[in-house]
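Go ahead and model the full structure; you've got the sequences and the hints to work with.
For the sequence shown, my numbering begins at 220 and goes up steadily by one.
It is worth saying that the hints were derived from the structure and are not from the lab. None of the hints are false.
Derived SDA-like pairs (lysine to any residue); straight-line CA-CA distance at most 20 Å: (1) K258 - I247; (2) K258 - G246; (3) K258 - M244; (4) K228 - S240.
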Amino acid sequence: KIYLNEPTKTFMNAAVLRVTSTAPMFGILQMVFYMGIGKAVLGDGES
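Shown next as structure tokens:
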């Protein structure tokens with residue numbers, strides 16, 4: 220129902236906003252784990 224009433228541009232705007240908010244968070248997460256901080260926080264899996 221929404222697809223019929225809303226133009227395609229609306230969905231593309233939502234996709235762009237989602238990507239611009241998710242990409243930096245993913246990059247920060249990758250940097251944290253690459254630097255080893257994530258391993259120190261979560262533990263290194265050895266029990």
